[in-house]
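Engineer: Sequence:
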Amino acid sequence: MWSDTNRSPGSREEDAWLSDEQLRRCTPAEAEPFQAPVPTRMVSNGEYMPHPQTDQQKHVEHRVKELADEASKKLGLTRRQFLAGTGGLAASFLAMNEVFGQKFFNVNPVEMFETAAYAETAVPADVFIFDD
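The opening residue of the sequence shown carries number 208 in this note's numbering; numbering runs sequentially from there.
Simulated from the structure, these hints should not be mistaken for lab results. Ideal Cβ positions, reconstructed from N, Cα and C, are used throughout, including at glycine. Please note that the accuracy of each hint is not assured.
SDA-like, lysine to any residue: derived pairs with alpha carbons at most 25 Å apart [what the hints assert, rightly or not]: (1) 281 to 250; (2) 281 to 292; (3) 310 to 330.
What follows is a list of derived Cβ distance ranges for each label pair [stated by the list, open to error]: (4) 310 to 257: 21 to 29 Å; (5) 259 to 310: 41 to 49 Å; (6) 333 to 308: 31 to 39 Å.
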């Protein structure tokens with residue numbers, strides 16, 4: 208993991224970035240035991256310590272697992288294969304809608320099983336998304 212041992216005391220970097228000890232305590236997102244298509248807990252980018260997973264986030268994770276188990280069996284896939292496809296993303300969005308009690312995401316349960324159904328409501332291919 209990256210570490211700068213030449214930090215100037217009192218500098219912005221000293222104040223804003225995690226210490227070497229804090230960085231050692233951070234687990235990379237890819238090391239999480241459950242790899243959901245959408246993260247179900249906060250992770251650190253090295254600037255701050257992440258908050259613990261909330262009860263609602265735990266519920267979303269549990270619901271994604273349930274939906275993935277049901278759908279993957281029907282499709283003859285492993286749960287990992289299902290979660291890696293468009294159905295896994297649809298299941299994640301459905302779980303969040305259920306847990307948070309609102310329709311944040313425009314997703315239909317059929318999208319877990321039919322890639323074509325997902326494609327009908329997906330972001331157009333020519334959309335450019337810049338995330339800084």
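Engineer: With reference to the structure, classify each hint as holding or not holding.
Structural biologist: So, going through the hints one by one against the coordinates:
1. With a C-alpha separation of about 32 Å, the suggested pair residue 281 and residue 250 falls outside the 25 Å cut-off, and the hint is violated.
2. With a CA separation close to 15 Å, the supplied pair residue 281 and residue 292 stays within the 25 Å bound.
3. Only pairs whose Cα atoms come within 25 Å are accepted, and residue 310 paired with residue 330 is accepted, the gap being roughly 17 Å.
4. A beta carbon spacing of about 27 Å between residue 310 and residue 257 agrees with the range 21 to 29 Å that was offered as a hint.
5. Roughly 27 Å separates the CB atoms of residue 259 and residue 310, a value that falls outside the hinted 41 to 49 Å.
6. Our hint of 31 to 39 Å for residue 333 and residue 308 holds, since their Cβ atoms are close to 34 Å apart.
Hint compliance for this structure: hints 1 and 5 are not met, and every other hint is.
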